[in-house]
Amino acid sequence: MPTSDEQITQLFKQFMQAWTGNDAAAFGACFTADADYVSYDGTHATGRPALQDNHDRLFRGVLAGSALVGDLEAIRHITAEVAVVHGTASVLMPWRSELPKRRLSRQTLVVVRTEQGWRISAIHNGRVRPVTIPDPDAFPSRMSQAMSRIGRRRGLGRPSPAAPRTTSSTTSA
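Position one of the sequence shown corresponds to residue 14 (this note's numbering), numbered consecutively onward.
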């Protein structure tokens, strides 16, 4: 019998194959009935019928003929029945022969063991972008700090972290 990791890997492959086949029913079968699907743009579908309907329209419309190409990166078991899966993937449109680098997304999936096998209970997609954190002395940081000082002087925004909020309370003697 295949291990849990092998079964989860197969589920990830089924997920991509169903997309590549533009088969909304097979795609929906990868999910639990009450699944949550959050797309890269923040769109949220709740339940298999909603996410299956969305993908049916996509597969017959703007994503017709597209393939989902990607890799499973990691499986981390939370319990024997629940795992978090990370993968990367990108949609390859039929007129392209290579994946556009700026369209790579990272998926975080919560998969659960059901009577039918492992299924996706929740998925969240986000675009993969390079991390660019400006140094504290860099221009963007200095501008943000200056705007914060100006805003505080004018009484705008939240209090400075150095000045905790105080509440006035009355106590009876």
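Hint data in this document are derived by calculation from the structure and do not stem from the laboratory.
The C-beta atom is built at its ideal place from N, Cα and C for all residues, glycine as well.
Treat the hints loosely; a few may be bogus.
[What the hints assert, rightly or not] Label-pair ranges, simulated between beta-carbon atoms: (1) T33 - F152: 39 to 49 Å; (2) P153 - R89: 33 to 43 Å; (3) T92 - M156: 40 to 50 Å.
[Claimed, not checked] Simulated crosslink set (DMTMM-like; lysine to aspartate or glutamate; CA at most 25 Å straight-line): (4) K26 - D47; (5) K114 - D54; (6) K26 - E128; (7) K114 - D66; (8) K26 - E111; (9) K114 - D84; (10) K114 - D47; (11) K26 - E86; (12) K114 - E94; (13) K26 - D69; (14) K26 - D66; (15) K26 - D49; (16) K114 - E128; (17) K114 - E86.
Here is how each hint holds up against the structure:
The given range of 39 to 49 Å is respected by T33 and F152, whose C-beta atoms sit roughly 45 Å from each other. Between P153 and R89 the beta carbon distance is about 34 Å. The supplied range of 33 to 43 Å therefore holds. At about 46 Å, the beta-carbon gap between T92 and M156 stays in the expected band of 40 to 50 Å. Restraint check: the Cα-Cα separation between K26 and D47 comes to about 21 Å, which is no more than 25 Å; the hinted pair holds.
Restraint check for K114 and D54: the C-alpha separation of about 17 Å stays at or below 25 Å, so the hint holds. A C-alpha spacing of about 19 Å is found between K26 and E128, which places the hinted pair at or below 25 Å, so the restraint holds. Annotation: proposed proximity of K114 to D66 is violated, straight-line Cα distance about 28 Å (limit 25 Å). As the CA atoms of K26 and E111 are separated by approximately 20 Å, the hinted pair is consistent with the 25 Å bound.
Proximity of K114 to D84 is assessed by CA-CA distance (about 14 Å); at most 25 Å being required, the pair is judged to hold. With a CA separation close to 32 Å, the supplied pair K114 and D47 exceeds the 25 Å bound. For the hint linking K26 to E86, the alpha-carbon distance of about 12 Å falls within 25 Å, and the restraint holds. For the hint linking K114 to E94, the alpha-carbon distance of about 35 Å lies beyond 25 Å, and the restraint is violated.
Between the alpha carbons of K26 and D69 the distance comes to roughly 19 Å, so the proposed pair stays at or under 25 Å and holds. A hinted pair counts as satisfied when its Cα atoms are at most 25 Å apart, and K26 with D66 qualifies at roughly 21 Å. Note on K26 and D49: the hinted pairing holds, with a Cα-Cα distance of about 19 Å set against a maximum of 25 Å. Simply put, K114 and E128 have alpha-carbon atoms about 38 Å apart, too far for the 25 Å limit, and the pair is violated.
Note on K114 and E86: the hinted pairing holds, with a Cα-Cα distance of about 17 Å set against a maximum of 25 Å.
Hint check: violations occur at hints 7, 10, 12 and 16; the rest are consistent with the structure.
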